[in-house]
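Peer 1: Taking the hints into account, I'd like the entire structure generated from these sequences.
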Amino acid sequence: MSGTGAVEAKIAELGMTLPDVVPPLAAYQPAVRSGVYVYTSGQLPMVGGKLPVTGKVGAEVTPEEAKKLAATCALNALAAVKSVAGDLDRVKRVVKVVGFVASAPDFTGQPGVINGASELLGAVLGDKGVHARSAVGVAVLPLDAPVEVEIQVELVED
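148 is the number that numbering that gives the first Met the number 0 gives to position 149 of the sequence shown; each next residue is one higher, with no gaps.
For the record, the hints were derived by calculation from the structure and aren't laboratory data. Keep in mind that the hints are not guaranteed to be accurate.
What the hints assert, rightly or not - In silico lysine-lysine, DSS-like type, Cα no more than 25 Å apart, as pairs:
| no. | residue 1 | residue 2 |
| --- | --- | --- |
| 1 | 91 | 127 |
| 2 | 9 | 127 |
| 3 | 9 | 67 |
| 4 | 67 | 95 |
| 5 | 67 | 49 |
| 6 | 127 | 95 |
| 7 | 95 | 9 |
| 8 | 9 | 91 |
| 9 | 127 | 67 |
Unchecked claim - Label pairs and their computed distance ranges (CB to CB):
| no. | residue 1 | residue 2 | range |
| --- | --- | --- | --- |
| 10 | 32 | 122 | 20 to 26 Å |
| 11 | 95 | 156 | 17 to 23 Å |
| 12 | 63 | 14 | 39 to 45 Å |
| 13 | 138 | 14 | 32 to 38 Å |
| 14 | 31 | 88 | 17 to 23 Å |
Every residue, glycine too, gets a C-beta built ideally from N, C-alpha and C.
Peer 2: Have a look at this one:
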């Protein structure tokens, strides 16, 4: 992998560090490149190899906590993108974000939770971080994670 560029400098300026790629939990790759597109697998809010919080949003996890976890998912997704693109400065734009929120039966604030991911991508990438998005409530996620996020990005041509 190449060194840090402008995108990683912006991440540092925001007080964050691009983490190592989260190892797969099953038979898949964290990210795959096809032409100028990179598709990440769903990224959990792992920090140092562990989930900082587990449970359902609207029950054990507050929407505010979950929004922060969604930002962590997006940061992990950027690490996965870098693992196949080599440099985050090659990101032309984020095309699509899909967020899954493990939700209590009466919780309907999934879009607000996934804003954590969207806002992080905007803060880090500026206009390149503006994207289409889905925010979906689900019964349960792997490891009882509250949130999972996947992204699709377009890279500048080689």
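Peer 1: Hints first: check each against the structure and report whether it holds.
Peer 2: Checked hints:
| no. | hint | verdict |
| --- | --- | --- |
| 1 | 91 <-> 127 | 6 Å, holds |
| 2 | 9 <-> 127 | 13 Å, holds |
| 3 | 9 <-> 67 | 18 Å, holds |
| 4 | 67 <-> 95 | 19 Å, holds |
| 5 | 67 <-> 49 | 15 Å, holds |
| 6 | 127 <-> 95 | 11 Å, holds |
| 7 | 95 <-> 9 | 21 Å, holds |
| 8 | 9 <-> 91 | 16 Å, holds |
| 9 | 127 <-> 67 | 21 Å, holds |
| 10 | 32 <-> 122: 20 to 26 Å | 24 Å, holds |
| 11 | 95 <-> 156: 17 to 23 Å | 20 Å, holds |
| 12 | 63 <-> 14: 39 to 45 Å | 18 Å, violated |
| 13 | 138 <-> 14: 32 to 38 Å | 34 Å, holds |
| 14 | 31 <-> 88: 17 to 23 Å | 20 Å, holds |
When held up to the earlier numbered hints, the structure conflicts with hint 12 and nothing else.
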